[in-house]
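S.K.: For the record, the sequence lines run as chains Z and H.
The numbering used here numbers the first residue of the first sequence as 1076 and each following residue consecutively.
The numbering used here numbers the first residue of the second sequence as 3 and each following residue consecutively.
FYI, nobody ran anything at the bench for these hints, they're computed from the structure.
Errors might be hidden in some of the hints.
What the hints assert, rightly or not - Straight-line alpha carbon distances no greater than 30 Å define the calculated BS3-like cross-link-like pairs of lysine-lysine that follow:
#1 H:121 - Z:1111
#2 Z:1116 - Z:1148
#3 H:85 - H:61
#4 Z:1195 - H:121
#5 Z:1195 - H:116
#6 H:116 - Z:1111
#7 Z:1116 - H:85
#8 H:121 - Z:1116
#9 Z:1148 - Z:1195
#10 H:121 - H:85
To be verified - Sample of chain Z residues at the chain H side, in silico, Cβ under 10 Å:
#11 1082
#12 1084
#13 1092
#14 1119
#15 1122
#16 1160
#17 1198
#18 1208
Said to hold, decoys possible - Pair ranges (Cβ atoms, derived):
#19 Z:1158 - H:114: 25 to 35 Å
#20 Z:1135 - H:51: 49 to 59 Å
#21 Z:1171 - H:106: 25 to 35 Å
#22 H:43 - Z:1137: 55 to 65 Å
#23 H:84 - Z:1171: 32 to 42 Å
#24 Z:1160 - H:52: 40 to 50 Å
#25 H:109 - Z:1154: 22 to 32 Å
#26 H:70 - Z:1181: 48 to 58 Å
#27 H:30 - Z:1177: 31 to 41 Å
#28 Z:1181 - H:27: 26 to 36 Å
#29 Z:1136 - H:84: 44 to 54 Å
#30 Z:1093 - H:109: 19 to 29 Å
#31 H:124 - Z:1158: 37 to 47 Å
#32 Z:1087 - H:52: 22 to 32 Å
Virtual Cβ for every residue (Gly too), placed ideally from N, Cα, C.
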Amino acid sequence: MKATSTLQVTTPSEREIAMTRVFQAPRTLVFDAHTKPELVKRWLLGPDGWSMPVCEIDLRVGGAYRYVWRREKDGSEMGMGGVYREIAAPERLVNTERFDESWYPGEALDMIVLVEWGGKTTLTQTVLYESRDARDAVLKSGMESGVTASYDRLADLLSTLD
Amino acid sequence: MQPLAHRHIGPGRLDATFAALADPTRRAILARLASGQASVTQLAEPFAMSQPAISKHLKVLERAGLISHGRDAQRRPRRLEAKPLADATKWLERYRRFWEANYQRLDTVLEELKAVQRKGDRR
Chain Z
1076 MKATSTLQVT TPSEREIAMT RVFQAPRTLV FDAHTKPELV KRWLLGPDGW
1126 SMPVCEIDLR VGGAYRYVWR REKDGSEMGM GGVYREIAAP ERLVNTERFD
1176 ESWYPGEALD MIVLVEWGGK TTLTQTVLYE SRDARDAVLK SGMESGVTAS
1226 YDRLADLLST LD
Chain H
3 MQPLAHRHIG PGRLDATFAA LADPTRRAIL ARLASGQASV TQLAEPFAMS
53 QPAISKHLKV LERAGLISHG RDAQRRPRRL EAKPLADATK WLERYRRFWE
103 ANYQRLDTVL EELKAVQRKG DRR
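Model the full assembly from the supplied sequences, consistent with the hints where possible.
M.R.: See below:
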């Protein structure tokens, strides 16, 4: 399973979730894909069956962004947005995030760092929550899916948590 | 960012689990116990640490419900309690899958952008 080994999820501190993923593209393109609405709408969708009818981005420090997702099956919607705090194209992007009907208390701070080497880009995304409870609420939300991870993933978990 | 429906919040023990997992020595101890139970002496061996220091880590792991100890009064062998760790694994794995699905779509978008860029270079 090639795809499952590419993305690493870790919990570097009690208020953070971090992800690392390598993309086969220069970082200017990866940065564009995170900041141009016509590109963001094509991939930032979550589970199958969701689309992103609203994607507005005012890419400047203090500028706002607004995302709304819709589930085709029943038309239910979920919105979120925030403000850009730091923009250093094509290497760094910092913004706040808050969901309309949030399941975790407070606001979170997203940071994306892009490092390019040999035509490939390593993306690190860190989300800092206001409290450990908020961070854990986000992690716990995965419970619903009923994904059954087998115990032999234990070794993998321990190595990815480093 | 995780646009999903979120209703179920699991038991409060997750806090303790993630706190316990935040330390490299404790993760190494768990990895050792994954291959079978062991005494405190055996667990201390691979580390440049005193037994009391190891015992402290074991207490944290025990409080988090990640390990338990046997009845043998002399050795009190520690063993892994798989359930809380499996829960934590599930949570991380669910989160990972959610983002991997997004990033696989992003791979496709990036391939297109690269193709457009190459075309532009040739002109």
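S.K.: Okay, which hints does this one fail, numbers in order?
M.R.: 7, 9, 10, 16 and 26
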